[in-house]
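Just so you know, the sequences run in chain order A and B.
Residue numbering for the first sequence follows numbering that gives the first Met the number 0, beginning at 0 and increasing consecutively.
Residue numbering for the second sequence follows numbering that gives the first Met the number 0, beginning at 0 and increasing consecutively.
Worth flagging that the hints you see were computed from the coordinates, not collected in a lab.
All of these numbers come straight from a predicted model, not from anything done at the bench.
Every clue listed holds true.
Taking CB as the label site, the calculated pair distances span:
| id | chain 1 | residue 1 | chain 2 | residue 2 | range |
| --- | --- | --- | --- | --- | --- |
| 1 | A | R83 | B | L45 | 40 to 48 Å |
| 2 | A | V150 | B | L45 | 27 to 35 Å |
| 3 | A | R30 | B | L40 | 23 to 31 Å |
| 4 | B | V83 | A | E87 | 21 to 29 Å |
| 5 | B | I91 | A | Q136 | 44 to 52 Å |
| 6 | A | H188 | B | G28 | 54 to 62 Å |
| 7 | B | F55 | A | Q90 | 34 to 42 Å |
Glycine residues also receive a C-beta, built at the ideal position from the N, C-alpha and C atoms.
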Amino acid sequence: MRFVGMPLEKIALFMNSTQVQGKSQLSQAVRLTFQEGAFAPYKVVGPSSMMAWFLQYSVMGVAFQFFDHSISEALGVEPAYYGRQLLESNQGIDTASSPVDYKARYAMARLLSPIMSASLESMVSNRAEVQRFFGPQQFAEMQTRLRPGIVTRITGPAFVPNAMRNIIMCQTSFLITPLTYKLYFPQDHKSASTLFWYGLGVNMFVVS
Amino acid sequence: MKPIFQGNVAAITQQALWGRSLDYLRQHGHVNYTATIRQGLQSEGLAAFFTGPKWFSRVLMNAPAQGTLPWFYNQVLPMGEEAVLRSVQAIIFPREGLLHEPHRFRVATVSTASPTLRRSNSAVFGATSPR
Numbered sequence: 000m001r002f003v004g005m006p007l008e009k010i011a012l013f014m015n016s017t018q019v020q021g022k023s024q025l026s027q028a029v030r031l032t033f034q035e036g037a038f039a040p041y042k043v044v045g046p047s048s049m050m051a052w053f054l055q056y057s058v059m060g061v062a063f064q065f066f067d068h069s070i071s072e073a074l075g076v077e078p079a080y081y082g083r084q085l086l087e088s089n090q091g092i093d094t095a096s097s098p099v100d101y102k103a104r105y106a107m108a109r110l111l112s113p114i115m116s117a118s119l120e121s122m123v124s125n126r127a128e129v130q131r132f133f134g135p136q137q138f139a140e141m142q143t144r145l146r147p148g149i150v151t152r153i154t155g156p157a158f159v160p161n162a163m164r165n166i167i168m169c170q171t172s173f174l175i176t177p178l179t180y181k182l183y184f185p186q187d188h189k190s191a192s193t194l195f196w197y198g199l200g201v202n203m204f205v206v207s
Numbered sequence: 000m001k002p003i004f005q006g007n008v009a010a011i012t013q014q015a016l017w018g019r020s021l022d023y024l025r026q027h028g029h030v031n032y033t034a035t036i037r038q039g040l041q042s043e044g045l046a047a048f049f050t051g052p053k054w055f056s057r058v059l060m061n062a063p064a065q066g067t068l069p070w071f072y073n074q075v076l077p078m079g080e081e082a083v084l085r086s087v088q089a090i091i092f093p094r095e096g097l098l099h100e101p102h103r104f105r106v107a108t109v110s111t112a113s114p115t116l117r118r119s120n121s122a123v124f125g126a127t128s129p130r
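This is chain A alone, in the form it adopts within the complex (with noise of 0.2 Å):
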């Protein structure tokens, strides 16, 4: 799905760089998508980009679930929302009249995990990104010619809005969706399908 999509991941890029300046900047930036070519966005990816989709999406709920249980066991507070959950009746869960303090944990709970879980994409994932946004071969030129430190060869450069963005999208993805699916979609039309649609739905429209 990504690989398909990266004429739309490349106007993208091109719409968040500095690359395209002034008026029209949606049709300079499919311009400069297209310039050397109609299959020229699919030439930026390389092995690492396979790698890194293949982890991202495999690994990334597993993720989430990992750290969203490990921190709420460490400060004494359920985890997320998750799965059959979901479908499951509101009826009976009252947060107003939590404890102030367990209050407190959950939110710093969720607060956590999502930061943990991005982070960790965002170190499988940067990398990666960065390739696409220059091209492998302008990449490996730089990588050359810069000589970055340890940590950003791993990381790859520009790290913190990478991550912070990855943030941003996790919360939507593993916590507001779910959550605003589970307390408050009408009971007697939740379903995998109406789940699948509406996860769909608020990102596009609402999130994205």
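Since the structure of chain A is provided, determine the placement of chain B on it from the hints.
Positioned in the frame of chain A, the structure of chain B alone reads:
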């Protein structure tokens, strides 16, 4: 929805900061977030970090994959979870016969949890203590 949308705006600004930082790296040989932000604000104002088209391009790129992730995480991932955890438990505790008693290695829900927030099914990750 307003706070959610504001969170989303923050995500777009981070995407723009990331891209502009890489352009700064290409020009100067190092990343400098402060200088990148200052240059962006001087040249384009706030539009350097958020505009409607920037948001739209990000939605086009990310929504299909990102939008299906909650469904995948909550409906598809749990399908193989029990089997994987059983395998892990069998490797870590091969002599305890846990494969035939999965309920014993479910994680205990935290005893200090507020009763008002307790849920019906216990978590199944990082199991240690039987209840």
